[in-house]
Structure formats: structure tokens, C-alpha cells
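From first to last, the protein sequence lines stand for chains A and B.
Going by this note's numbering, the letters in the first sequence line up with residues 1 to 397, in that order.
Going by this note's numbering, the letters in the second sequence line up with residues 1001 to 1361, in that order.
Mixed in with the good hints there might be a few duds.
What the hints assert, rightly or not - Short, incomplete list of chain B residues facing chain A, as computed with Cβ under 7 Å:
#	residue
1	His-1037
2	Cys-1264
3	Ser-1301
4	Trp-1359
Because the hints were derived from the structure by calculation, they are not lab data.
No residue lacks a Cβ here, since even glycine has one placed at the ideal position from N, Cα and C.
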Amino acid sequence: MDLAYGPQYEAFRDEVRAFLTKHKNQAPKGLGAAGRPSPEACAWQQLLIENGYAARTIPKDYGGYGAKPDILESRIIAEEFSATRVPSALQNQGISMLVPTLLELGTEEQKKKWVKPTLRGEVVWCQGYSEPGSGSDLASLQTKATVDGDDFVINGQKIWTSTAHEADMIFCLVRTEPDKPKHEGISYVIFSMKTPGIEVRPLTTMTGHAEFNEVFFTDVRVPKTQIVGQRGQGWFVANATLKYERGMLGDPAAMETRFQALVDLMREETVDGQRAMDNPIFRDRLIRLQAELAAMKFNGLRLLTSASKGEDPGLARLIVKLQSCELTHQLSALAIDVMGEFGILYDDSPYLRSHGSWQWGYMFQLGLIIGGGTAQIQKNIISERGLGMPREPKQAK
Amino acid sequence: MEFALSEEQRMLQDSVRRFLEQNAPLDKVRLAAANTHTVQRSLWAGASEMGIPGMLIPEDFGGMGLGFLDAAIVYEMVGRHVAPLPFVGTAVMAPLALMLAGSEVQQEKWLPKIAAGEIVVGVAVTEKIGIREDAGVKAQKGTLTGKSLFVIDWAEADLYIVADSDHGLHLVLPDAKGLSRRALNTIDKTRSVGELVFDQVAAEPLPRSSAEVVAAVIDAGRVMLAADTLGAGQMMIEKAVAYAGERKQFGRVIGSFQAVKHLCAEMAAALEASRSLVWYAAHALDEVPGDSRLMACHAKSHLSEVGRFVARTATEVHGGMGFTDLLGLHYWFKRIGFDRQLLGGPELVRLEAARLQGWAA
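With the rest of the complex left out, here is chain A:
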């Protein structure tokens, strides 16, 4: 057990700090949303790429910085940016999911064409996976692509497509081989969201905001060359990508920030002149969550250590999505209870606390428990892969 990074990494930390000191006033204000980055955000992203603080391990030929992967360096960068409260590298589905997929399975031409502008925030992507009838059972998806000359002709519907209304491009799963078993009949295609026949409808959620969209395809023509991987191999291409999405979830630093905000809230809110922090029941719930947060934080250190050694941490990794999403939701739930009646205020109501962010979070985070593999799917994964329990008997299709 050694929680120090050592002199070599501390020297690297000094470099990051020097960069931040010099350039932090160029950083865009506030963290950009997942959609289209502002010109300031794009300029910041380019500066970060040039200095190796974004796209750090992506080869130079494709617009990255070209450093060797080093998980501790990445961690130090994240820590220092977070401590300085400066926006770190751009994060969106194109960068975190499409780019790694193209680098692993794309053609040379696809890599050359798409990776660089995606990294720079110039091309925004959305993900066309889920369908109304295909959620947890994603491989049953029905959006079909038939061949007509040199094109695929796509018909069907996608759902939960965040940023579709702003996206330039989509990476999309379509059924090209309807007669094959469900996992073997899917292809992974990329195409412009300006292609004729695409309609995007905002999907309003329980939060009252449209964080997602539905996307409808009617005779959308896409050149056959815009496939990633082979025909019928799309499921395996997508799984390479899903691996990266799961990695995105469960960020202990973000949860810690929420916890601190909750502590502040409990010091400020009063009922009959008594601070929430002085209410023993609220306080007990707070400390209970603090212990759970500590457990997830140290579990994160354990994962970091495994990753740096190239080992599979097994269960410690499989539990992250289930535990983190639940904990995040519980933090919001306590905040709502601390506010009491003020916890049901919303929109632009008088007396609204923190711009309603706890209320929004309490609802939105329920979506995170469901999305990206529901809690129940996570429990299947933990019990089957982590504990070696028998799989549910499957229906053939």
C-alpha cells in the first residue's frame, strides 16, 4: 500500500500545475454541456490537445498528442484540473465512444477523416443504439438497412438519442442480415444527421427537460462504405464501444463535489431555527452516505492500481455502475428531504434552492440508474460474471 505517486509523477504534476497557472484564464467559463461546444471551448480543447491534456494517448497522425498510455498521468491531469476548477478535456459520446471504436476497428480512411475533427469538438456525434422495443435486449433491434446499389437504405426508429438535435453525425446500429441470429445480423454504420429522411423529435423526460430525442429514419440512404467493421459484425463493434461507455460512469470526484454541496445545504437550511445538520436523523443519513462514498472512492483507487498493472480487478469493477448510480441518487434524495417542502419547489419558483439542481438531479439520476444497463442488468452481470452463477435460460431467436 503506497498512496504516494513518487517523484517522477510529482514532477509531471508540477508540469500540469505550471500549465494551469499560465493558461487558466483562457479557459471557457463553466463546463460545456454534452452538445455542441462553444468556439471558446473548442479553442481551449485545441490548446489542451497541443499540450497533451486532451486526446493524450491518441496517435499524432489522427490529431491526438501521441503519449504512451499511463493511467497515473491521466489521473494526475484529472486531479489538477478538478482542483483548479478549470474545465478539463471535452467529453462527449464522439470522443469517448466513437473515437476508440474507430481507432480499434475503423479503416485508415475513416480514422483520418473523423478522429481529428471529433477530438477538436468540430464534429458532434450522437449514438443510435436503443430502440423503443430494444432496451436491455439491445441485440433485438429492428431498424433495418436494405441494400440498394451502393447504398444502405435505412428505416426505423431510435430512442434515448442525446444531442441528436445538435449532432452532425450518428454512429448507428442497423439490422442488415434479418435472417441471421440476432447478434449476427447487425451492422455499425456512420452517417450525417443532415441526410434526407431523418427526423429528430425531442423527448421530454420526467425532469421537464428534453435531455434526449427520438430519431426516425425513412428511406435514409447511406453509402455502403460508411460501415465500421464487417457486415453482420456490428454487435461486436458496438460492444467495443459500450466498454468505453461503462468506463464513463461512476466518477468519485463528482460524487464528492455533490457531497460537499449537501453538507453546505445541511448547514444552511433551518426548520424552526434548527439547522438540518443539527437534526440527528438527517446527520446520521449524511454520515452513512459519507462512509459509502469513502468505500467507492477507495474502490476507485483499487481500480486505478489494477489498471496501471494491466490486471482485471474483477468484481471491484463490475459493481461500479450499480453502486455509484445508487449512491448519487441517495445523495440527491437526502438533499430533497433536508429541504422538505422546499424540496418540491421547481422551475423558477420563489424560494427555490440551488436553481432546483437537487430536484432535477433526483429525477435525472433515476434515469442513470436505468440507462447504460439497468440496475437489474448490472446485477445479472455481477452474479454471472463476478460470482459465476448460472445464466438465465435463453430463448432462441
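Go by the hints and put chain B onto chain A.
Frame of chain A, contents of chain B only:
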């Protein structure tokens, strides 16, 4: 940066596990449980050959000079096997009290004996956490008067370390005049606790005692109880998964039903994250003094909650068999229940955690 057990630590843990697999199988546990208030001498002697009683004791005094993380991963194995060993008091809290507060003479007299496994040391600190039944011990002119409950490693102790109501720690011999002792029978028959009643009992103070020392001794005890629950909980999950893989109903092994699988997944998800918390809390006792008290509270309270969930859920997965004495699963259930209350239940410990952070008066 390495948040993991070292190769040596994994080997230590493996060797303790093998020792307990061979020397503390369930039938031995059953025999010991029939005689709760006796020390299992041959088992303790075997543990002594491995250096377990002297793990934390410096090599100068015949110990191994290891750290709390080493002790925690060993006690995790002890919990895994519900082994009847006087570890928390004798091998952890007592040596720590002597090392932090004892005089050189006291250290030279007692530490080598503990390290050699020659003596068992009971630890009486419960009243520093909360006073029940008017317990508490007053020190006056070299004598102790009052009583202390839930004395850890009470049975057959050759020496007691007793906290008074004023942050003093004292050595008391079991045959001292005016000392009377009463066993307390708990649900957990694998470990002994008891009551000490003092009527002007001659006691030898540990000269460097302080509130800090008493708190540090309790912190260490709490982390060990958390590690015990971790080990016991891990074994309960393994037993539940194995049972669910064998037991058939409706023509299928019950482990193929999601209702059962999900219970197992929930247990594993809760316990696996707790493992990292126990590691860190133990590591903090060794290396991060600023964090150690809060983390001891978190480890103790969190493992109590996770342990309770695992203990009842693993029992439910076993169905009616889990409820019987036949499988002996209840030894683990009770061990976890004991760990939860001793040295402060989770609500009390969380109040302490709040006070440490200035969140409670």
C-alpha cells in the same frame, strides 16, 4: 501509487487461511462454541507459531513488527473461518495500549509474553464509548473501583487492561484482591466477553495514558471488527452462491433464478466496495494519522450495515437450511451481529464521526 495488498500481504493472508482451514474447521468451531469461555489453547499455540499474537509488536520484543493493515487482513481470515481466537483484545488492542502508554518496564515484561502467545489479555474499554447500567471505573490511590462490561477476550485472561473514567489505562491481574468476574453469554459463542467488578482493586497505571491513546486503542479495535465482518460476510456470500448452485427447485438450480441471483449480486456489490474501505482504514492507522479516527468510524459503521444485510440475505438464500443448526451458517450470522454492537453500534459511531468533523456538539 499502489492501492493493493503487497505480495507479502497476500502470502500472509493465504497462509493464515490455510492454517485455519486445517485447524479451525466447522466441527472444531462447534466444539469451541460449546465452551465459549475457555481459550482454545492448541489453536492459539498454532497461531502463535505463525507469529499472529505478536504481529503488531516490535521485533525487539519478540513480535513481527507489522502494521494494522497486516493485522486487518489476518483478522479478515479469522472472521472468514469464525475462528475462536482471542485476537482483537490480546493481539491488537492490548499491545497497542502497552506500546503507546506503557513504561519500558511494562513493555519489557508483557509484550514478549503476548508475542509468544503465552498470555491472553482482556481489554476493558466499553465505558469510554458509552456507559450502561451505571458501569464505569474510578481510579483512586492506585486502586480501581466500579465495573466494566463487555470486556474483550475476557475468558482465562492472564492480564486485563482497564480504562478508567479519566482517560487512564491500568494493568490488573486476574487474581487481584477485590476483583470479581462474571461471564457474559452472547449470541456469538466463538468469542468471549465478560464483566469485571472492581472493589478497591490494586492496579498499575500505564504512565503515558491519555484520551488520545484510549481513542487510538478503540480505533484499532473497531477496524479489526470491521475486518472480521468483511471476512465473515465474504464467506457467507460464497456459501450462498455455492448453495444456490446446488439446490434445485422447479427443476432448476435456484441460482439460475434472477430473484436469487440478484440477492447475491447485491451482497457482493455492497461487500466488495467495503473491502477497500477496510483496507484504507487499516492503512490510515499505520500511515495517515489525520484520517485514521474518521476512517475507523466509517469502516466500523459501514461494515456493520453491510454485514447485517449480507448476514440476513445469505441466510435467506439458504432457505430453511440456513435457519437450522445443520449447516452452521448461524455462526457467521452471529459473529457479524456481535461485531456490529461491540465498541459502538453504527448509530453511535456515526455520531462520533459527526463530532470529529464539527457537525455535532
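Here's how the hints hold up against the structure:
Against a cut-off of 7 Å between C-beta atoms, the interface hint on B:His-1037 is violated, since the closest Cβ of chain A lies about 34 Å away. Among the interface hints, the one on B:Cys-1264 holds; its C-beta lies about 5 Å from the nearest C-beta in chain A, closer than the 7 Å criterion. Using the Cβ-Cβ criterion of 7 Å, the hint placing B:Ser-1301 at the interface with chain A is satisfied: the shortest such distance is roughly 6 Å. The restraint placing B:Trp-1359 at the interface with chain A holds, with a minimum CB-CB distance near 5 Å, inside the 7 Å limit.
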